[in-house]
Amino acid sequence: MLNQLVTYARKNLSGSEPGFTTRTVRWLVEISGDGQLINILPLGDDKKGAQTSKCPEMGNMNAGGRAHFLVETLQTVTLLCKPNEEPKKIAGSQEKQSFFKGMIRQAAVEASSLVPLTKFLDGEQLVTLRDRFSQEKAKPTDWLCWRIAGVDPLQESAVLDWWRFWRALDQEKGKTEEKPKRGKKTVESSATTNSKEMICFLSGEVLMPLPTQPKITGLSGVGGLSMGDVMAGFDKAAFCSFGLEQASNAAMGEKSAREFIDALNHLIKNHSRKLANTLVVHWFKDTVRVESDPLAFLFEPPEITEATAYNSAQQILESLRTGQRSGFDNNRYFAITISGASGRVMIRDWMEGSFEELITRIEQWFSDLEIVARDGNNLARDPKFMAVCGAFVRELKDLSAPTSAILWRVALTGQPIPQTFVAQALHRFRCDLIDDKQFNHARMGLIKAYFIRKGGDHNMSAYLNKEHPEPAYQCGRLLAMLADLQRTALGDVGAGVVQRYYVAASQTPGLTLGRLISNAKNHLNKLDGGLAYWYEGQIAEIMSQIEDRIPGTLDLEGQSLFALGYYQQIAARRAGKTKDNDKSTKGDIQ
Amino acid sequence: MNRRTHTLEVWGDLACFTRPEMKVERFSYPVITPSAARGIFDAIYWEGIRETDGMRPYFHWQVERIEVLEMPRYIALRRNEVKDKVPADRTIKAWMDGRSEPEPLWADGGKDDTGTDQKGRTQRQTVALKNVRYRLTAKIVPKSKFADHEHSNKYDSIFERRAKQGKCFQQPYFGCSEFPAFFEYANPGDAQKTTASFDQHLGWMLYDVFDLRREVVKNDKPFISLFDATVVNGVLDVPPFESEKVRKPESGGV
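Chains as they are written, first to last, in the numbering used here: chain A, 1 to 590; chain B, 591 to 844.
Derived by calculation from the structure, the hints in this document are not laboratory data.
Quick caveat, the model's predicted, so the values are computed rather than measured.
Some hints could be false.
Stated by the list, open to error - In silico DSSO-like links for lysine-lysine, alpha-carbon gap of 30 Å or less:
1) B/Lys720 to A/Lys236
2) B/Lys757 to A/Lys236
3) B/Lys811 to A/Lys236
4) B/Lys735 to B/Lys720
5) B/Lys720 to A/Lys285
6) B/Lys808 to A/Lys236
To be verified - Quick look at which bits of chain B chain A covers, simulated, 3 or more residues with Cβ under 8 Å:
7) 627-636
8) 639-649
9) 665-676
10) 709-717
11) 732-743
Cβ coordinates follow ideal geometry from the N, Cα and C atoms, glycine included.
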């Protein structure tokens, strides 16, 4: 799967190169040709800054008082610190600043465009710069870049070449000075020898594998560290093999590793969505325009003024079939679900397939979830993916990462919905019903989709199915009708039939419904003749569907059908009314 | 000389063919690797002569074809694992000889108990495969000393007899020894199940971790070889180990 990220980087990120990275830079410092401070400018539309590619990166070598070249934090460049910063950290920053200045001086020998910057750094203007940043309430951890005499030094080939040369020298020096690690004395020398002759998992070339990989950032919201996480990290003996150390256990060359990391960082930044405690990242082999991206429908279904998500997917599929849209013939989608775990990137799922197959699955997903709206007049709007996830839980924050990951796979691959999900949805349905809350469309759609995806003929339709062969479904309808009758006869009685008997009726209809039907006679007596006859007719019609097959008990699937019958009957009763008066019909039927 | 091929149908409830780049929070390849398939054949029959300089095997197994009979389906598991591993043989021998004090392998405990975060228990994820079923085809490649016709026929016959009787030296497994594999010898004329409609380019996949050509097996250094794996219509064709398609450290890889 990482090979697909490398392919993505080669196609879309031309600047991917070892020693360089993309950073979110917040400030631009403008310097004149004679080394005077002109101005400081905030970058980016928001307060986070702008994505800046080709920033020199020291990698893991910046420990021990080292700094990155040119693009660094305010704390390192200007010694802007928190008010209560520890003296040890201030001393560390001074050491880094000294290193930073030294590198600029060395580079200025080769690249004359940096000479004004050396003058600026050596003068007293750094104090002025620090004061300016203090006034702007900048954070010490914000990154800054430079514009010198109107030119961005990161665009200067002389500057970049110097950095490449310096880095190569430094790496070579690092290798020759490398000391054996503490506690690794027992590692066989053979392993070290072999690690120099390994094949890159990404390129298939024989090379020296990276001992440690650059970090993948942007996972701090899903269990990752703010400083970043590594994809291949092996710090415990149990996860190393054959005496291999660190990332040699999954040999990757520097260039390929940089490419897949840049690709993943780019996708996380620009094409990821949070699902519970995970991030879902997706991309396509060939670029797909936003309006044709079927996965966007799952997250942001178009507003009601536009076509529904289901229709959009249908339209794309139809245009692909008829040849109106082309270019997707060999296109493929890739979707990765990731989160962070103690400094490592945890892959939770991986999916790939053809573009057309994806559209078919999305179309199927929305088609399966289609359900009548609670006002009974139309179909409910296509739910966002997170709304479906929310059908299982009281609040979205209670949603577990595995649940959302499984449902994501279900949506994209057309798999059956796990029964445990329906059990959770049914539990929430009952809770909401008893609390007189509104029906949740996504939840009802999910219960319906469960039966469709389970296979077999379950006579599932989005609207009420009066001919449904399952007694459980008809029992649900019957309870809805009895509750409606009670409300019509007595008005608001507080805890009505639903609040008192729904759970019992859905689990043991054979014991409960008979009692409710006999009680319904009292309610019928309170109604005028015409209305009473109408209710009698409706109840009789449902009873004729059940015949004498009222189940003694219902299992989970029976209870789900009961809930669906109950909901669709209520929606059908509301149909034709001008507005969805939730106050008078919440839950059912008060 | 054209060698006979043997086909096994193998299946199991769970499997994990860990991708090396994700072996801390484990994530499985969607199909069995050639090395794991070789392990299944080895478990049924692999033999050699024990000599002073190590084990001299009669042959090695060359996996030729992997057919995926069930669509890959993933399952996520969390397991408590130990961070440390069993010490080297000489350390254990020193314990046995009483030259040093035995040190337990910590199965539990944190930094406060063990004094280091390199020992004790940790929880890790495994994304494994469930309900796997493959048809594996492989052939015996005799070592130079045992390459005559008579020997070769004997190895083929022994394997066929053992596999048909369900015999194995150890329980074959799918990637992790916790995930047992069950097998059945498939005769050439038997009705065969169709392969799953599964197509995927897997990139550079692990071929094996040892040099299969070695004549003597003893304390082998790792020799990690890769090949560019593509599953087409549920079939993964595996090139011979000697092939240039299999990238080996010695070959320069290109």
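Broken hints, by number: 2, 4, 7, 8, 11
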